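Chains as they are written, first to last, in my numbering: chain R, 1 to 234; chain B, 1 to 234.
Think of the hints as simulated: they come from the structure by calculation, not from any bench.
Warning: the hint list may mix true and false statements.
You can't tell identical chains apart in this list, so a pair holds if it fits in one copy or across any two.
[What the hints assert, rightly or not] Here are the computed lysine-lysine pairs in the DSBU-like style, where the Cα-Cα straight-line distance is at most 35 Å:
id	residue 1	residue 2
1	Lys118	Lys5
2	Lys187	Lys5
3	Lys223	Lys5
4	Lys190	Lys209
5	Lys223	Lys35
6	Lys35	Lys5
7	Lys5	Lys158
8	Lys187	Lys209
9	Lys35	Lys118
These numbers were taken from a predicted model, which means no experiment stands behind them.
There are 2 protein chains.
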Amino acid sequence: MPHPKALFFDIFGTVVDWRASIARQAQTLLTPLGKQLDWLAFADAWRDEYQPGMEAVRSGAIPFSRLDVIHRHNLERILPRFGLTDLDEAARVDLNLAWHRLDGWPDSEPGLLRLRRKFRIAPVSNGNIALMADLARRNAFIWDAILGAEVAGDYKPKPRVYLSACEAFGFAPGDCMMVAAHGGDLKAAKACGLQTAFIPRPNEHGPGKGEASPGVEVDYIAKDLLALADALGA
Amino acid sequence: MPHPKALFFDIFGTVVDWRASIARQAQTLLTPLGKQLDWLAFADAWRDEYQPGMEAVRSGAIPFSRLDVIHRHNLERILPRFGLTDLDEAARVDLNLAWHRLDGWPDSEPGLLRLRRKFRIAPVSNGNIALMADLARRNAFIWDAILGAEVAGDYKPKPRVYLSACEAFGFAPGDCMMVAAHGGDLKAAKACGLQTAFIPRPNEHGPGKGEASPGVEVDYIAKDLLALADALGA
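Start from the sequences and build out the full structure, keeping to the hints where you can.
This is how it looks when you write it as structure tokens:
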């Protein structure tokens, strides 16, 4: 199989550590307001609302809404469980922007830098454009473009998201590779004809609670983005 | 008026010198094929087809087509006029990609670098995503995102293009500024509520044949992108 021309990256979990970052951000924002809670449990609870929130768009029940809007809706759902219903609007807006302030895994920035020397690279995430732009600034990621859900008008794993990314770069699906820490994402990309690479992030959901292996057939498995650069000669 | 949070850039003419670049690219590609022609006239002729080509999309006569497709269609229209009808498919494909290989004005790369320190920056061009990504690589432009026609699904000066760019960054139009060398672009942006900055590129269409002044009310006039950075404290 020839090397791809473009690499598409899942972001949440694959490139950035959303769980520890959301826990840190929530602690930083809410401690001064006198709140004490299980910060990691808060991050997990918020993330648990993620797939159901997007499913309403995927199913066609509601028109496409940016992930910022879905995150805010999901935040409202979990605030009562953590005794946070007295947060004012400004605090809720700021807390919702925690998703714009996630930190990359240690290999992400140097790995992407190497990979970009040889390939076009873009996030193909369910995160919206502003969210991706803020993560890029925070972590010094340099993308060729921000593709994914907002450009496609639907959410992964719908085929349209992968295919619209290939089309935006003008490449056939077989000339593009999806890189993700989630077998489901890669299974959907492969069904669209993309090459696939699995990056295990075994601690994504807490120690030992990430996907250690893809559980589906993939073209590459690399332990991190630097190892993927090695494997692809970048 | 408070400073904007995001700057949107017209690209063809404002950030890159399409005329000299297309002439150079065409000469480089076609001279080895034994062709001799007025290279600048060829560039002008190709560009003259630009607005009519997009108008079919704007009017709703045809569905949205990427600028690469429109450029190719326009190329076919002008080939007979320059005695180029014997070009094979590979040469036509390569020639069409000349638009992906345009060079920036001398102030563009350093100016954008300074402006990005203070503002989110994005192209809001009629060029498609792959074209913008290739120009960014060639000229070392670092954008926060690639916005514009392909993301909006329509062509400037339709309001949807400006407004969708503001929405992608999550900013009100008044917090965004359109930067262009063309009064018509700025007039349309201002009508959508954006701030505006005019950059004269007096030689865009040949010596003395660019717009020396905007001809419409604008918020800033700066002689180049470095002067705009000065004016905006970046």
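Each hint, compared with the structure:
| no. | hint | in the structure |
| --- | --- | --- |
| 1 | Lys118 with Lys5 | both (8 Å within a copy, 33 Å between copies) |
| 2 | Lys187 with Lys5 | within (20 Å within a copy, 39 Å between copies) |
| 3 | Lys223 with Lys5 | within (21 Å within a copy, 38 Å between copies) |
| 4 | Lys190 with Lys209 | within (24 Å within a copy, 51 Å between copies) |
| 5 | Lys223 with Lys35 | neither (38 Å within a copy, 52 Å between copies) |
| 6 | Lys35 with Lys5 | between (48 Å within a copy, 32 Å between copies) |
| 7 | Lys5 with Lys158 | both (22 Å within a copy, 33 Å between copies) |
| 8 | Lys187 with Lys209 | within (20 Å within a copy, 54 Å between copies) |
| 9 | Lys35 with Lys118 | between (47 Å within a copy, 33 Å between copies) |
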